[in-house]
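J.: What follows is each chain in one-letter form.
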Amino acid sequence: MATAAGTFPQAHEESTIWTWLTTVDHKKIGAMYGVTGFAFFLLAGFEALLIRTQLAVPNGTVVDAERFNQLFSMHALTMIFLAIMPLGASFFNFFLPLMIGARDVAFPRLNALSYWVFLGGALLLTSSFVFGGAPDGGWFAYAPLSAEEFSPGTGLDFYVVGLLLLGTSSLIASLNFAVTVINMRAPGMSMMRLPVFIWMMLVVNFLLILSLPVITVALIQLLFDRNFTTNFFTPSEGGDPILWQHLFWVFAHPEVYVLILPSMGIVSEVLPVFAKKPLFGYSAMVFAGVAIAVLGFAVWSHHMFTTGLDTVPQIVFSASTMAIAVPTGIKIFNWMGTLYGGSIQFNTAMYFAVSFIALFTIGGLSGVMHASPPVDSQQQDSYFIVAHIHYVLFGGAIVGIFSGIYYWFPKLTGRFLDETMGKVHFWTMFIGMNLTFFPMHFLGLSGMPRRIYTYDADLGWETWNMVATIGAYVLAFSVLVFLVNFFTTMRKAPDAPDNPWDAPTLEWATTSPPPEHDFDVIPVVRDRDPLWYDRDNGIEKPEVPAGLHIHLPPPSYFPLLMGGGSLLLGVGVLSHLALTALGVVIIVYSVWGWALEPTD
Amino acid sequence: MAAAEAAHGEHHASAGVDNRMLLMWIFLASECLFFGSLISTYLIFKGESLVRPLPEDVFDIPLTSASTFVLLMSSFTMVLAVYGAQHARPQMMKAALLATIIGGLVFLGFQVFEFKTFADEGLTLSTNQFGASFFVLTGFHGTHVGVGVLYLSSILFGSMRRNGLGKDGGTHVEIVGLYWHFVDIVWIVIFTVVYLIP
Amino acid sequence: MRPSARAITLTIVSLAIVLVTSLLIWLGWDATASDPQTTLDPLSDNARAVNDVYTLITILAGVVMIGVLTLVLAFSFVFRERPGHEAQQIHGNPRLEVFWTLIPVIIVVAIAVPSFQVIVDTTGDAPDKSVEVVATGHQWWFEFEYPELGALTANELHLPVGRSINVELRSGDVIHSFWVPQLSGKVDMVPGHNNRLWFTPEQTGTFLGQCAEFCGTSHAHMRFRVVVESEADFDAWVDSQLADAAPAQGTLAEAGEGIATTICAACHTIRGTTAAGQIGPDLTHVASRTTLASGMFDNDTDNLRDWLADPPDVKPGSKMPNLNLTDEQLDQLVAYLQGLD
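Chains as they are written, first to last, in my numbering: chain R, 1 to 600; chain X, 1001 to 1198; chain Y, 2001 to 2341.
Hints are computed from structural coordinates only; laboratory data are not their basis.
Only a predicted model underlies this, so the values are computations on that prediction, with no experimental measurement involved.
Misleading hints may appear alongside valid ones.
Listing some non-contacts, in silico: residues in chain R with all C-beta distances to chain Y over 10 Å [what the hints assert, rightly or not]:
no.	residue
1	I332
2	I362
3	V591
The calculated label-pair distances, taken between Cβ atoms and stated as ranges, are [said to hold, decoys possible]:
no.	chain 1	residue 1	chain 2	residue 2	range
4	Y	P2147	R	F228	37 to 43 Å
5	Y	P2094	R	R67	35 to 41 Å
6	R	P598	X	A1095	28 to 34 Å
7	R	A578	X	S1153	21 to 27 Å
8	Y	L2149	X	L1050	31 to 37 Å
9	R	T19	Y	A2110	58 to 64 Å
10	X	I1188	R	F46	48 to 54 Å
By construction, the Cβ of each residue, glycine as well, lies at the ideal position given by its N, Cα and C atoms.
Taking the hints into account, I'd like the entire structure generated from these sequences.
T.: Set out below in structure tokens:
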């Protein structure tokens, strides 16, 4: 097992800060995404705790109206763009090459660039709290509230620039992953042998590639309205606030599938492993995922049912939204079919995966209710929607991510998270989550609008709000348990074997954690569940050929430099355009250096 | 040896298309949505301006037709450049690249002239919805042309320094050609939808 | 293959757990129907039609939820690993998969048809001879005008029972939303657009409404009341609203009128005086309203005084500034305004 001399530090060598700053290794980049994403998850959770504490009692005084409005806006923005998406990107980064039998992604330096641009955007958006106030128009920043006239100050400008940077990062990453899946599969890995997780990733990438440009245009138009005297969204000058809503939701609806599909993919990987039988209905799972994505582009106006849409658009978008229930149902039933007849080992990863099915079903059912415009006319903009959102995003996306963390922890770090603490984490999170979000259905039905910083005592909302706040603290405790588990586990020495779970997919065919070069020998794939096939047919791991020469892409500081340049570009838009010019110069220099840099 | 090559991972392309070419294709798909959104915005605001000038007040169709012709010709020279690259005729490739760059610059010159003329006639970003949607759409298209010119220039410069095409053959030229043709096609759509259709 | 006794028992246990949970949920749901601003106690034709569709969907969703949760729980119990039992290596079952594709399609159609019917019913034109109301949302209060009757008021809408009401929805600034759950689903008030909703209230009473589209700092405080009353009471109310402001009674109130026509007149109208400001709510009959500051609190002396003393303190971001009135001026103004029945 030889690496070309001097090409790359060995896995056991010292990693310095510089190693991390210049890495182009998908595993290190995945780790950075994961740690950063989780840190922002904690931040967004803290914002939620403040929100819930303020709403625990009527006429609360924990935070004032202005601060509350910033908190709920940033809670959503942080959770969506700085937590769930990067955590998904973290798994994609680490596991895409391993699961398809490649050594890295198609464009390693582009991969690093997407992380640094993400970090810049994340820091810029979050820094708004300190520089004049965070965005306070909600995460969808509807016009004309977002106009300079109604939102003076810089919060919404941070929103625009931050999201432009974050969108750029996501686009770059998606292009990279899409090319990787299409072009870099190991011999025998046909498309219909790809793990479902990878299929979901591919679908997510195409959703982002096709939807991000639309919000980019919307953000540019908002930037221009606020700073360059255009009137795209100003009614008195011939503009239309509803245009913002259309452009925003054409992006943001596919975005919600971007948030849930990775976790659906994770659950599709975890369930078969611990039920000890193959995934039920692989083809249907793949087609259902694709169908959800395609239909996902045809439903956006269901967020606009109450804006005064005409009869026909209401009917059309209602029909398409209800139609999505069908492929979603297929997935749920196929997961249940995977459990049926199994020999189920209930460890923490499996607890999370099974509860995903239940919690996501509840969230999906409330979603079907909103799909009916008459029903939506009562539920829209109320806590019923908040309940729906959190069942699918917490009970779905977050729970799925935790399942993946427990499942893949040995592969990522060579250690097992403690199972006892894991079960405590699971049960407190499950109870906390339901305690927090189920009552919100009742609050919505009781007429409580969303995004209100306080409420009166005469409306009958106190009890459920208090219950929800207690639930939020239980949730916080559960996350604390996980953190303790994580830190105590990382102090142990790594001792995990290659495939402790007897799992079928290729990432388990190498060491835990994998060496720098991922695989000693690129595997040959003979079945959809490659390692189970090899196990059942007595196929041995291939011999490492003599004189093996593995080329790995060398580290580079140009992605870091270019990321810094793009951050400077954004900062300049918010302060002095001279900084933007400097940022452009740095970017151009980085592109030049990048193009001329030797890659072998 | 097959294992060593597989280990190298360099020329492995399951879909039979070079990675970078595939990257450009998929990137252009997202660009379709980008320009689609800008063009949609323009169409939505057609007829919604509250004050003049309106398109019929400022458009100079003959002039814009000329600049359109220049851009289309640059696509033709781009095809020649790709041909030269693929058939190991470096002189032809370099000359055609230079012609394409010049075509792009002339087009941009026309755009700048047009923007200035419109501004003199009272049409700016803030004047009305026509001004806002027109300048944002054509401004971003012009930016894309500009980036294309820079991209072409770096390839031309690179090939002149190396005095050859490098081991990648015509791939880089093909890729920039794809981008250039796309920017052209977008202009044809803009020209038709914005300038020609009343 | 017949399921074993063990499997049947565990499935029944699962069903029991799920049914108990569902019962608790149902109890919570049922209790919500008596809340003051509830969506579950419809008292108009529109709200009733919406509630009927909602009830249908909830029942179907409930059945699906009970089914899915029961099976997930049952499978977890029944198929937990035990010695001597291997997992069945099934890859799929095409017939079963077709079945569970068709069932959701049927359920979806069952939901779609009544939904579409209600859409058509509620997006058509309002019935003839509806009472016309123009509701305009402002940051953070509601303006109500009766164009055919000539009345103009704020934050409290009076309607005659049993007659169709057509509400035209406008906005003076950002997007708001008009929502009175017991009387109608919500429709947004979008500046530059002419949205509307209509309904026929079926019972007299006072109903609570609230803005339901985030509209800035005090979105939480943008509430309103709808008073549905008999035709006779409504006519009497309209007549009283059409009258000019009552003259000030007593020296305290007269001094208050002086303040109102000088300071308050910058933003407010009090018909019959020189106050003709167009920015804030019409105050001609402010004392006739049951609440102040857009439904924030009851209209009594203490609340009125606190409001006048420092509006932004009471309602963050309020466009009505702190006018730095002295205690004496406050007494005078309160006395005057409380006379404006």
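J.: Give me the numbers of the hints this structure contradicts, sorted from smallest to largest.
T.: Per hint list: 1, 2, 5 violated.
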